[in-house]
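Engineer: Single-letter residue listing:
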Amino acid sequence: MLSAPSLSYMLLSPMLIIFGAAVLGVLIEAFLGKTHRAAVQLTISIGALLLALLQLWQIKDMTSTTAAVNSVTIDRAGIFFQFIIVALALVAILLIADQDNFVAQASAVPGSTEEKIATQQRVQQTEIFPLVLFAVGGMMLFTVASDLITLFVALEVFSLPLYLLAGLSRRRRLLSQEAALKYFLLGAYASAFFLFGSAFIYGYAGTVSISAISAAAGSANDIFLFIGIIFMLVGLLFKVSAVPFHSWTPDVYQGAPTPITGFMAACTKVAAFGAILRIFYVGFADAQSLWQPIISVIAIITMIFGSVVAIAQRDVKRMLAYSSIAHAGFLLLGVISLSKEGLAASLFYLFSYGFTTIAAFGIISLVRDSTGEVSDLNRWVGLGKKSPLVAAVFSFLLLGFAGIPLTSGFIGKFAIFSAAYQSANISLVVVGVLASAIAAFFYIRVIIMMFFTDPVNDSVSVIIPSIRSRIAIICATLISLLLGVFPSLLLNASNSFANLIK
Amino acid sequence: MSLLTAIGLLPLISAGMIALIPTRNNELIKRATLVATTIIAISSIFLAVSFDKNSDQLQFVQKNSWISAFNINFSLGIDGISLVLILLSTILVPIVILATWNESENGRWSSKVFYVLLLTLESLMIGVFAANDLFLFYVFFEAMLIPVYFLIGGYGTGNKSAAAIKFLLYSLFGGLLMLASIIGVYIISSNQIGATFDITQLATLEIDNQTENFLFLGFFIAFAIKAPLWPFHTWLPDAAKAATPGTSVLLLGVLDKVGTYGMIRFCIQLFPDASKTFTPLIITLAVISIIYGAFMAIGQRDIKGLIAFTSISHFGFITMGIFAMTTQGMSGANLYMINHGFSTAALFLIAGWMISRRGSSTISDFGGLQRVTPVMAWSFFIAGMSSLALPGLSSFISEFLVLVGTYTRYPVAAIIGTLGIVLAALYILIPVQKALHGPIVSGNENLKDLNFREKIAIAPVILVIVFMGFYPKPVLDLINPTSEKVVVNAGFSDPIAKVGK
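The listed protein sequences derive, respectively, from chains A and B.
Every position in the first sequence, counted from 1, becomes a number in our numbering once 409 is added.
Every position in the second sequence, counted from 1, becomes a number in our numbering once 50 is added.
Bear in mind the hints are in silico, worked out from the structure with no lab data behind them.
C-beta atoms are modelled at their ideal positions from N, C-alpha and C, and glycine is treated no differently.
Errors might be hidden in some of the hints.
Taking beta-carbon pairs under 8 Å as the criterion, some of the chain B residues facing chain A (in silico) [stated by the list, open to error]:
#1 Ile117
#2 Leu218
#3 Leu226
#4 Ile233
#5 Tyr236
#6 Ile471
#7 Ala475
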């Protein structure tokens, strides 16, 4: 006798809304005429994201381990992760809505007459919107999935649209497609590793449920648990771009359309760290002696490598890619802490880092010359003279990345370092502050280029942003500023939401 | 809101108002800034008058919760040491503005930006000396770097952007080491007495020796970079040469004092045992600074470089006085901070005028200024004499106190330090002779003497230098109770009986 599984629709509603809107978006692509598609798609996306935020607010005090049979655990931390993802996506979608970053017709061969015609006819690739929504839905599911199979499915659901989106850049299409292919191939490997690790864990615990895995600790030969953790880690660390699984990051960040880079950099980190925190805090907490040393070493290498290699970058997107690698290292300190403080600090860090990142990539997409966006730092010289406001905002965001006091980045770093110190990982804190000192150098160098160097002839100019980009950049910047000066608002929230249930 | 908070906020509010004035109204912006900073200086004198100098407790206390999740408070309050340093800052700012009236016009940006940065800096300077919350102190300490960075990089001369970034990176590096220590202290407090950043409470922590040593080093290196102490000093000459004279005055006169202030307030008060452990090392570094700074100063051809290296020598004296751990040494060091602030201000401002008139900063390009520009030459002479601690001028008393205080505990260090005074005579008298006396070097014949504005600006500084040389009691009265408290709380008593004042 087959009985229908019980689903608590209320708790799943935020995800259902996003997935529903994504499916609706696909139907619109099929049935609606070209002229109105872009506007309708944008409206639906924004509407769905807002509705999802509203629903998240409604269910913020509820918890359940059986929201979708035993595969999804809705708890305070999960809701907070989902909230961050949706809020970031809402800002990012406004940037994405500026179609001139995307290729007119993805199927056209780069440089072909077909492509030229499509560009001249102002064809738009509106499939972007449902793709983004699928990615957002997958990310949301990734942070609340509580068994290994659901985790894997969620991983694929949010990864596949991102592989596609990365290849849709209008300019330098070959670079973009190369990046997409690289991302896809390496991502597929990483997923395979994750699946392989899951199989070992299943072999060890006889279950795929994360909470049951934690209950099974010590029941079998730990070597299988160890192998399983290692392989799962490879898959997860690939997504957060920790060294040595980072090699895709600079290429993809550089090749992808800038708004997509912003979206990916911010939201993927939240989703992946959401899953890592859940898996390790809930599933492997008792086996911490197995994985803590490994993650510690990876955190150290990641922090230092990201900061040092970023110095050598001459491209602003690649520089931010390495900076995001370094930030992944800082965030790993939150995982290692294995405490409520560590979780709360990670929540705060992800929120503030996400908004800073989206604002930064939003600004990068504004800096152009006649052929399009310019990310070569040597041509950014003197930007402060030409467009003082944009340069000042970008400098502020860079100072935020560097973690100078009165920016949100500083509070995030302080919180996460305190958590790590409290859990007796003092050496990691010392490496963290040293890496921050190294990292400060390349952030400040960009400020010098913009403000203290005179513009040269072929330097770039800033286009006047559309109202949508303007709203997105202003919102994200204001949030960074606000969180730097009055962090209490979010710190208290992240403290009260720092709760993962088994 | 206490008077202290109001004074701290005033520059920031003025900066906001000045930002609203249209950029082209240059004169209006300058006048408004001058008026605002003068009002702030006068109110801070009021603050000093209403300060109860017999008490060694914190006064004008203001405490509001800021980040409740970490129990961080916006907590301000001053004792004698903080008060005199705040006075130094607020009095120097209007003098700098008046003295360097046209300095802001040759920068990368408009004068408005210059004054907005300057006023922001003033607020942060007051904040850093008034903060009673370790976290708040750190925020001011680091935030202060940003306006200075733009002041050097945007308005300086020569290799300014390299100097600006060197300054910023050195300071940030030290600051981040300190951040690690701050987190350490915070976690220890949360394990012992409940998480807090309150400095008075943190001073009661029981920290095991090894941890205390590491935490101490985090703070000390940050402050030694700031002060700067040999071997952490290399950023200072570059920054001082590149910055405008006005910025240099604030940089060496006030900002660097945050380093020595931090040693007293944090290194010694929070980690008395570690301070004891490291004292021999620090005294050695201080003595090296004194001698090294003096020798380097003798070898300088650039007048700004000369002043920068004399400062390194003087900071050696201050640090030696602090870590001698005697009340005389401590009082002397505190007094030295003030005196050094004024004498360096005078030297830099006059040097700035000399350089802008002559179009060169090489000492040998000057010569015979005494005959061409007597007022400027005399002012430089007095400032120089104060810098070499001539009896009757301000620095003498402080240097004497430092040496006496050090001698009672570390006689060898004090004796070698005395050598610094001899060298000081060389590094001041040689340039004085080259620049002021002798035949008039060609190109100097038509230099103009100080105009009325410049005379008004330099007069109060010279006045303070002379007055403090004869009658330092008002300032010593403010400093002494706190100095004694610091030494006693750190568990020291004077090796010999206290001498009467």
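Engineer: Decide, hint by hint, whether the structure agrees.
Structural biologist: Outcome of the hint check:
{"no.": "1", "hint": "Ile117", "verdict": "holds (5 Å)"}
{"no.": "2", "hint": "Leu218", "verdict": "holds (6 Å)"}
{"no.": "3", "hint": "Leu226", "verdict": "holds (4 Å)"}
{"no.": "4", "hint": "Ile233", "verdict": "holds (5 Å)"}
{"no.": "5", "hint": "Tyr236", "verdict": "holds (6 Å)"}
{"no.": "6", "hint": "Ile471", "verdict": "violated (37 Å)"}
{"no.": "7", "hint": "Ala475", "verdict": "violated (40 Å)"}
Taken one by one, the earlier hints fail for this structure at numbers 6, 7, listed in ascending order.
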